[in-house]
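S.K.: Residue numbers (my numbering): 89 to 269.
These are computed hints drawn from the structure, not numbers from a lab. Only a predicted model underlies this, so the values are computations on that prediction, with no experimental measurement involved. It is possible that part of the hints are untrue.
Simulated crosslink set (DSS-like; lysine-lysine; CA at most 27 Å straight-line) [stated by the list, open to error]:
#, residue 1, residue 2
1, Lys103, Lys138
2, Lys120, Lys94
3, Lys113, Lys92
4, Lys204, Lys235
Here are the in silico distance ranges between beta carbons for each label pair [stated by the list, open to error]:
#, residue 1, residue 2, range
5, Leu203, Leu140, 32 to 42 Å
6, Gln183, Lys209, 41 to 51 Å
7, Gly260, His228, 17 to 27 Å
Where a beta carbon is used, it is the ideal one built from N, C-alpha and C, also for glycine.
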Amino acid sequence: RHLKGKQLFLSIYEKELLAVVFVIKTDQRSLKYLLEQRLNTPIQQQWLPKLLEFDYEIQYKQGKENLVADALSRIEGAEILNMAMSVLECDFIQQIQAGYDSDLELKELISELKLKPQAKKHYSWTQNILRRKSKIVFPHTPLLRGKILDWLHSSGRGGHSGRDATHQHVKGLFYWKGMSK
Numbered sequence: 089r090h091l092k093g094k095q096l097f098l099s100i101y102e103k104e105l106l107a108v109v110f111v112i113k114t115d116q117r118s119l120k121y122l123l124e125q126r127l128n129t130p131i132q133q134q135w136l137p138k139l140l141e142f143d144y145e146i147q148y149k150q151g152k153e154n155l156v157a158d159a160l161s162r163i164e165g166a167e168i169l170n171m172a173m174s175v176l177e178c179d180f181i182q183q184i185q186a187g188y189d190s191d192l193e194l195k196e197l198i199s200e201l202k203l204k205p206q207a208k209k210h211y212s213w214t215q216n217i218l219r220r221k222s223k224i225v226f227p228h229t230p231l232l233r234g235k236i237l238d239w240l241h242s243s244g245r246g247g248h249s250g251r252d253a254t255h256q257h258v259k260g261l262f263y264w265k266g267m268s269k
């Protein structure tokens, strides 16, 4: 893309920002052709100008390969769904899943749920993610827990909130034994 007008006088940093392209990965194949489709509903027409403000590429990724979207689409609770892709990256989900193998207590719980899905009240095992009352259960992995606390504290969602507000955000989305301490 060639720079025009005032863009020519931007700093290198600002010029680089103009080159940022967002990638949206979806398991809904038709979204890949969003801008080529006729937008019939008022909500679609409202979203179009907002979407045109950004440089993005929509990529189709089959549902079973799109672990993050698949996991989030199965989680109940409006707050978690609103987070969509902004919270969990695919490697983060994989780290959580790997953590289940090293957490003996959770490993045993998962084994029980695999054999008998109703074995433990409030717990479910779907798409290789353990949930308690729809919240993602974190394995006993302090580094991983630290990452999520740091993210929620410093993200736009957390807004550098204090300890109590950050704790409330975490409690609304995730669960681990002893998280109140």
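S.K.: For every hint, state whether the structure bears it out.
M.R.: Here is what the structure says about each hint:
1. For the suggested pair lysine 103 and lysine 138, the alpha carbons sit about 21 Å apart, so the restraint of at most 27 Å is met.
2. Pair hint lysine 120 plus lysine 94 does not hold up; C-alpha atoms about 32 Å apart against a cutoff of 27 Å.
3. Proposed proximity of lysine 113 and lysine 92 is contradicted: the alpha carbons are some 30 Å apart, above 27 Å.
4. Of the pairs offered as hints, the one joining lysine 204 and lysine 235 is violated, with about 32 Å between alpha carbons and a cut-off of 27 Å exceeded.
5. Taking the beta carbon of each, leucine 203 and leucine 140 are about 51 Å apart, not inside 32 to 42 Å as hinted.
6. Distance hint check for glutamine 183 and lysine 209: the Cβ-Cβ separation is about 27 Å, which falls outside the suggested range of 41 to 51 Å.
7. With their beta carbons about 21 Å apart, glycine 260 and histidine 228 fall inside the hinted range of 17 to 27 Å.
The structure shown violates the earlier hints numbered 2, 3, 4, 5 and 6.
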